[in-house]
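Heads up: the protein sequence lines correspond to chains H and P, in order.
If you read the first sequence in my numbering, its first letter stands for residue 1, the second for the next number, and so on.
If you read the second sequence in my numbering, its first letter stands for residue 1, the second for the next number, and so on.
In case anyone wonders, no lab produced these hints; they're calculated from the structure.
As the structure is a computational prediction, the values presented were derived from the model and not from experiment.
Mixed in with the good hints there might be a few duds.
Unchecked claim - Covered by chain P, according to a simulated footprint, are these stretches of chain H (three or more residues, beta-carbon under 8 Å):
no., stretch
1, 1-7
2, 27-33
3, 37-44
4, 48-60
5, 74-80
Said to hold, decoys possible - According to the in silico footprint, chain H covers these stretches of chain P (three or more CB under 8 Å from chain H):
no., stretch
6, 14-28
7, 32-40
8, 60-72
Heads up, the beta-carbon is just placed ideally off N, CA and C, and yes, glycines get one too.
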Amino acid sequence: MFAAAAAGLLATLALLLARAVLGPTVFDRLLAANATGTVAVLLLAVFGFLTGRPDFLDLALVYAMLNVVGTIAVLKFFRYGSLAE
Amino acid sequence: MSAALGFASWALLVAGAGACLVGALGTLRMPDFYTRAHAASLVDTLGAGFVLLGLALQAGWGLVAAKLALVGLLIFFTSPAAAHALARAALGRGLQPLLFGEDAPSKR
Numbered sequence: 001m002f003a004a005a006a007a008g009l010l011a012t013l014a015l016l017l018a019r020a021v022l023g024p025t026v027f028d029r030l031l032a033a034n035a036t037g038t039v040a041v042l043l044l045a046v047f048g049f050l051t052g053r054p055d056f057l058d059l060a061l062v063y064a065m066l067n068v069v070g071t072i073a074v075l076k077f078f079r080y081g082s083l084a085e
Numbered sequence: 001m002s003a004a005l006g007f008a009s010w011a012l013l014v015a016g017a018g019a020c021l022v023g024a025l026g027t028l029r030m031p032d033f034y035t036r037a038h039a040a041s042l043v044d045t046l047g048a049g050f051v052l053l054g055l056a057l058q059a060g061w062g063l064v065a066a067k068l069a070l071v072g073l074l075i076f077f078t079s080p081a082a083a084h085a086l087a088r089a090a091l092g093r094g095l096q097p098l099l100f101g102e103d104a105p106s107k108r
């Protein structure tokens with residue numbers, strides 16, 4: 001059951017990777033990166049259940065936080081040209 | 001009781017994975033960045049919601065379900081903010097949306 005969900009999530013990662021490679025604008029790539037981060041969080045949670053190790057959920061929590069902060073930082077760089085105001 | 005719970009969590013997990021797949025397929029097939037952002041938000045909302053709910057059903061009451069709820073809350077609050085910032089940055093950078101009647105850049 002978890003393997004089926006994990007397989008679905010891996011296929012999602014493959015599709016998002018295709019969008020990241022194809023994406024004409026930098027914002028398409030950023031969109032794919034953001035969605036990949038969310039799918040990675042889900043994959044961590046599902047894999048934690050697959051191997052019966054609850055501490056994967058802490059990894060998923062930290063990764064979810066990092067993903068958003070990273071996306072916002074890269075966004076600010078591409079929107080305003082530099083991170084320093 | 002546990003059979004029904006097991007089946008419900010199995011259905012939720014498969015539905016969540018399916019929603020993620022549909023969202024990712026949407027980001028591939030949509031003609032324009034803003035419609036792709038619309039499709040990608042499906043991964044954050046429906047996909048994450050169903051998968052985390054399915055896992056929480058599987059884990060039952062306890063610390064694991066609390067952590068899953070925390071991850072769900074975090075995704076619930078941060079992914080719309082990220083999607084909004086993404087669209088605003090793209091619009092601010094002058095990426096014009098593809099309006100009705102125009103051809104997609106690839107078809108022009």
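**OP:** Go check the stretch 32-40 of chain P versus chain H for me, would you? Three or more residues, Cβ under 8 Å, otherwise it fails.
**Re:** Satisfied; 4 residues make the cut.
Original post:
Taking a Cβ-Cβ distance under 8 Å as contact, does the stretch 14-28 of chain P have three or more residues in contact with chain H?
Top reply: holds (count 11)
Subject >> Within 8 Å of chain P's CB atoms, at least three CB atoms from the stretch 74-80 of chain H: coverage verdict >> reply: With 4 residues close enough to chain P, the hint holds.
**OP:** Examine the stretch 1-7 of chain H for residues whose CB is less than 8 Å from any CB of chain P, and state whether their number is three or more.
**Re:** Check passed, 5 qualifying residues.
**OP:** Mind taking a look at whether chain P covers the stretch 27-33 of chain H? Criterion is 3 or more residues with CB to CB distance under 8 Å.
**Re:** Three-residue rule met by the stretch 27-33 of chain H, so holds; n is 5.
Original post:
Taking a Cβ-to-Cβ distance below 8 Å as contact, does the stretch 37-44 of chain H have at least three residues touching chain P?
Top reply: With 4 residues close enough to chain P, the hint holds.
Original post:
For the stretch 60-72 of chain P, does the count of residues with a C-beta closer than 8 Å to a C-beta of chain H reach 3?
Top reply: holds (count 6)
Original post:
Three or more residues of the stretch 48-60 of chain H near chain P by CB distance under 8 Å?
Top reply: It holds, with 5 qualifying residues against the three required.
In terms of the numbered hints stated before, the structure departs from none.
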